[in-house]
Amino acid sequence: MTTAADPLLSIEGLSVTMPTPSGPVELVHRTDIEIGEGEIVGLAGESGSGKTMTASAIMGILPPGARAGGRIMFEGRDLLSLSRAELDTVRGNRIAIVFQDPSAALHPLLTIGTQLTEHLIHHKGVTKKQANARAVELLDLVRIRDPHHAVKAFPHQFSGGMRQRAAIAIALACEPRLLIADEPTTALDVTVQAGILRLFDRLARETGVSMLFITHDLGVMNSIADRTYVFKDGTVVESGVTTTILNDPSHEYTKALIASRAQSLAEERVQQEARP
Amino acid sequence: MPPLLKMIGKRLLSALVLLWGVTVVTFLLVNVVPGDPAAANLSQQAYDDPEIRAAFEAKWGLDQPIWVQYVRYLGNILQGDLGTSQQTHRPVAEDLSQYVPATIEIALPAMALAIVVAVGLGMLAAMRKNRPTDTGIRSAALVGLSTPPFWLALVALYVFFYLLGWVPNGGRLSNIYDPPPAVTGMYTVDAAIAGQWDVFGDALWHLVLPVGILTALTVSGLLRFVRSAMIEVLDAEYIRSAIAKGLPRRIITWRHVFRAGLLPVLTVSGLMLASLLGGAVLVEQVLSWPGLGQYAYKSAISLDLQAILGVTLFIAVVYTLINLLVDVLYSVIDPRIGAK
Chain E
-12 MTTAADPLLS IEGLSVTMPT PSGPVELVHR TDIEIGEGEI VGLAGESGSG KTMTASAIMG
48 ILPPGARAGG RIMFEGRDLL SLSRAELDTV RGNRIAIVFQ DPSAALHPLL TIGTQLTEHL
108 IHHKGVTKKQ ANARAVELLD LVRIRDPHHA VKAFPHQFSG GMRQRAAIAI ALACEPRLLI
168 ADEPTTALDV TVQAGILRLF DRLARETGVS MLFITHDLGV MNSIADRTYV FKDGTVVESG
228 VTTTILNDPS HEYTKALIAS RAQSLAEERV QQEARP
Chain G
4 MPPLLKMIGK RLLSALVLLW GVTVVTFLLV NVVPGDPAAA NLSQQAYDDP EIRAAFEAKW
64 GLDQPIWVQY VRYLGNILQG DLGTSQQTHR PVAEDLSQYV PATIEIALPA MALAIVVAVG
124 LGMLAAMRKN RPTDTGIRSA ALVGLSTPPF WLALVALYVF FYLLGWVPNG GRLSNIYDPP
184 PAVTGMYTVD AAIAGQWDVF GDALWHLVLP VGILTALTVS GLLRFVRSAM IEVLDAEYIR
244 SAIAKGLPRR IITWRHVFRA GLLPVLTVSG LMLASLLGGA VLVEQVLSWP GLGQYAYKSA
304 ISLDLQAILG VTLFIAVVYT LINLLVDVLY SVIDPRIGAK
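Protein chains in written order, with my numbering: chain E, -12 to 263; chain G, 4 to 343.
The hints are simulated quantities; they were obtained by calculation from the structure and are not laboratory data. Treat the hints loosely; a few may be bogus.
Here chain G is said to cover these stretches of chain E; the calculated rule only asks that three of the stretch's residues, wherever they fall, bring their Cβ under 8 Å from a Cβ of chain G [claimed, not checked]:
1) 70 to 79
2) 88 to 98
3) 129 to 135
Here are some chain G residues pointing at chain E (derived, C-beta under 7 Å) [stated by the list, open to error]:
4) Glu240
5) Tyr241
6) Ser244
7) Ile246
8) Lys248
9) Gly249
10) His259
11) Arg262
12) Ala263
13) Pro267
14) Arg339
15) Ile340
If you want the ones that stay clear, here's a sample from chain E, every Cβ over 12 Å from chain G, calculated [what the hints assert, rightly or not]:
16) Gly0
17) Pro8
18) Ser43
19) Ala154
20) Val179
21) Leu190
22) Thr222
23) Val224
24) Thr230
25) His238
26) Gln250
27) Arg256
28) Gln258
Keep in mind that this is a model prediction, so the values were computed, not measured. Think of the CB as a built atom: it goes at the ideal place given N, C-alpha and C, for glycine as much as any other residue.
Could you build the full structure based on these sequences and the hints that come with them?
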């Protein structure tokens, strides 16, 4: 069941059920995912395939009414069986998440500094002063210019790309062992997407943090993930080393995803060439 | 803080323009209403005295063209002269300085209490959405909202004065006390300033019922706004972020939810406070509270034109100032507004 060493996170038989007026609907069923220490694991699939539900189940932030079954083992504990208080010692601390749209995920009325330090102070018990020093370090780490000034800024004073960098800094504040990135480049301009991807890649190498990288874009997956799980209709249809999957897909759905990616790339090319 | 000061300056300027507009409208109203202002404002005896009549007409420039009259009217207002009440035969400004503090004395504490109670209950209801706590709070608010103010005042008077004897039966002070030396016009404050603690206690005791009733009425209206504002915030993605950070519920509630939900509540609270400061006619009537509502009501039924105009101007000023205050608070709470 396990590889050489115990995996950092192991999702075993996860199912997520959502009540609807016409009876409960299973959004994720019997899904197994493993993430090793220092590994970047991709979760690919089109929207609505259950990728975000899987991430939400790990973080304990499923929508109201949704129920998760199975096990999510992390550091010897099943996250699904923890109380809220126990889970709160894990999330934001040992596991952190970066959401898709930083404009919505950052609190509009709190400074970047407050949002960078509040969980740090809570989880690590550091003083405000220590936390502020760390906040400047973190902003520097994600390459935000003039970090001393930036900690006092509000999210609206940042560009979209800077907001996502700040959100990544917030996620890394407590030096988590696992970072979940849920479509972290989808809401951004194409021009800044590459920069954010390079940032994730560099952070993984520099900090050794493991990552669960969720995206619908196989091109993105190719550039970042060691291993990839392909999701369809709430379950994994194919998994393995990313390059192998992309070069030699075994499942029809993966082939279709790659084909659509190729088609959209071709369309982009045509559009670019059509421009003067 | 130059941007904030600049904003305040700009708003003050537009407030002045607005108030000037109000004076134009009120002045035109005086002139549209048919009848002889001298006859309307002077007593029969004074009206019959040609000297007094001439003095009145000269003072208000009734023999002059209309724009001269307006300039004079504006000049008088700027000097604090709002004319004389036909009913009390006293300057309207003097009447206002007596009735307005009585209203402020019940309106401000009622609003403050209402905000505390409504925000507390509204947040609780939002966090327990569609659960029994929420249903209970919402039903109570609905009952409060559908209760006629005068009925509530009557029942409260019956229960708390007649049956229980906990509160006096209206008025601002018991007969055995004289009002404290006037400084602010608010009996509790003036008594405290003068060190007359027995008068202070008695004035406070008289505040309980009117403040309680106004609070109850205001809470029911405000609560629904707080609840829906907080529900919207609770659904926001940045609250999901806060939960995903493993923050304690206390910090999420007060730092993340409360602050964001406060903005829409602030606007409604401002309007409600302005409305309270305009006087609560029915409640004041039942509890014999000599506030602005009673004054406005009496002026209206006796067509006391100068008094009505005085009240109108006062209320316009109140609304303008409170809107200014809300704008300033908004930009203090929400950095996105100050930046514009």
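Going down the list of hints, with the structure as the test:
Judged by the Cβ-Cβ criterion of 8 Å, the region 70 to 79 of chain E is covered by chain G as claimed, because 6 of its residues qualify and three suffice. Closer than 8 Å: that is the beta-carbon criterion, and the region 88 to 98 of chain E has 8 residues meeting it against chain G, so the requirement of 3 holds. Against chain G, the region 129 to 135 of chain E contributes 0 residues with a C-beta closer than 8 Å to a partner C-beta. That does not satisfy the three-residue criterion, and the hint is violated. Interface restraint check: Glu240 (chain G) against chain E, minimum CB-CB distance 4 Å, threshold 7 Å, status holds.
Checking Tyr241 (chain G) against chain E: minimum C-beta separation of about 4 Å stays under 7 Å; hint holds. Hint on Ser244 (chain G) holds. Least Cβ distance to chain E is approximately 5 Å, under the 7 Å limit. The interface hint given for Ile246 (chain G) holds, since its Cβ lies 6 Å from the closest Cβ of chain E, which is under the 7 Å cut-off. Evaluation of the Lys248 (chain G) hint against chain E yields a held restraint, the C-beta minimum of about 3 Å falling below 7 Å.
At about 3 Å, the closest approach between the beta carbon of Gly249 (chain G) and any beta carbon in chain E falls short of 7 Å, and the interface hint on this residue holds. Because the beta carbon of His259 (chain G) sits about 6 Å from the nearest beta carbon in chain E, less than 7 Å, this interface hint is met. Interface hint status for Arg262 (chain G): upheld, as the beta-carbon distance to the closest one in chain E is roughly 5 Å, under 7 Å. Annotation: interface hint on Ala263 (chain G) holds; nearest CB of chain E at approximately 6 Å, less than 7 Å.
At about 13 Å, the closest approach between the beta carbon of Pro267 (chain G) and any beta carbon in chain E exceeds 7 Å, and the interface hint on this residue is violated. The criterion of a C-beta within 7 Å of any C-beta in chain E is met by Arg339 (chain G), whose closest approach is roughly 5 Å, and the hint holds. Using the Cβ-Cβ criterion of 7 Å, the hint placing Ile340 (chain G) at the interface with chain E is not satisfied: the shortest such distance is roughly 10 Å. Against the 12 Å criterion, Gly0 (chain E) stays outside the reach of chain G, whose nearest CB is about 24 Å from its own CB.
Every beta carbon of chain G lies more than 12 Å from that of Pro8 (chain E), the smallest distance being close to 15 Å; the non-interface claim holds. Not every Cβ of chain G is farther than 12 Å from the Cβ of Ser43 (chain E); the closest lies at roughly 9 Å, contradicting the non-interface assignment. Here Ala154 (chain E) does not stay apart from chain G, with its beta-carbon only about 8 Å from theirs, under the 12 Å limit. The non-interface label for Val179 (chain E) is consistent with chain G: the shortest C-beta to C-beta separation is roughly 20 Å, beyond 12 Å.
The Cβ of Leu190 (chain E) sits about 18 Å from the closest Cβ of chain G, beyond the 12 Å cut-off, so the non-interface label holds. Residue-level check passed: Thr222 (chain E) sits 24 Å from the nearest beta carbon of chain G, beyond 12 Å. Interface exclusion of Val224 (chain E) from chain G stands, the closest Cβ pair being 28 Å apart, more than 12 Å. The Cβ of Thr230 (chain E) sits about 31 Å from the closest Cβ of chain G, beyond the 12 Å cut-off, so the non-interface label holds.
With a least CB separation of 32 Å from chain G, His238 (chain E) remains clear of the 12 Å interface cut-off, as annotated. For Gln250 (chain E), the shortest C-beta to C-beta distance to chain G comes to about 32 Å, beyond the 12 Å cut-off, and the non-interface label holds. Residue placement check: Arg256 (chain E) keeps its beta carbon more than 12 Å from all beta carbons of chain G (closest about 34 Å). No beta-carbon of chain G is positioned within 12 Å of the beta-carbon of Gln258 (chain E); the least distance is around 31 Å.
Of the hints listed earlier, those the structure fails to meet are numbers 3, 13, 15, 18, 19, in rising order.
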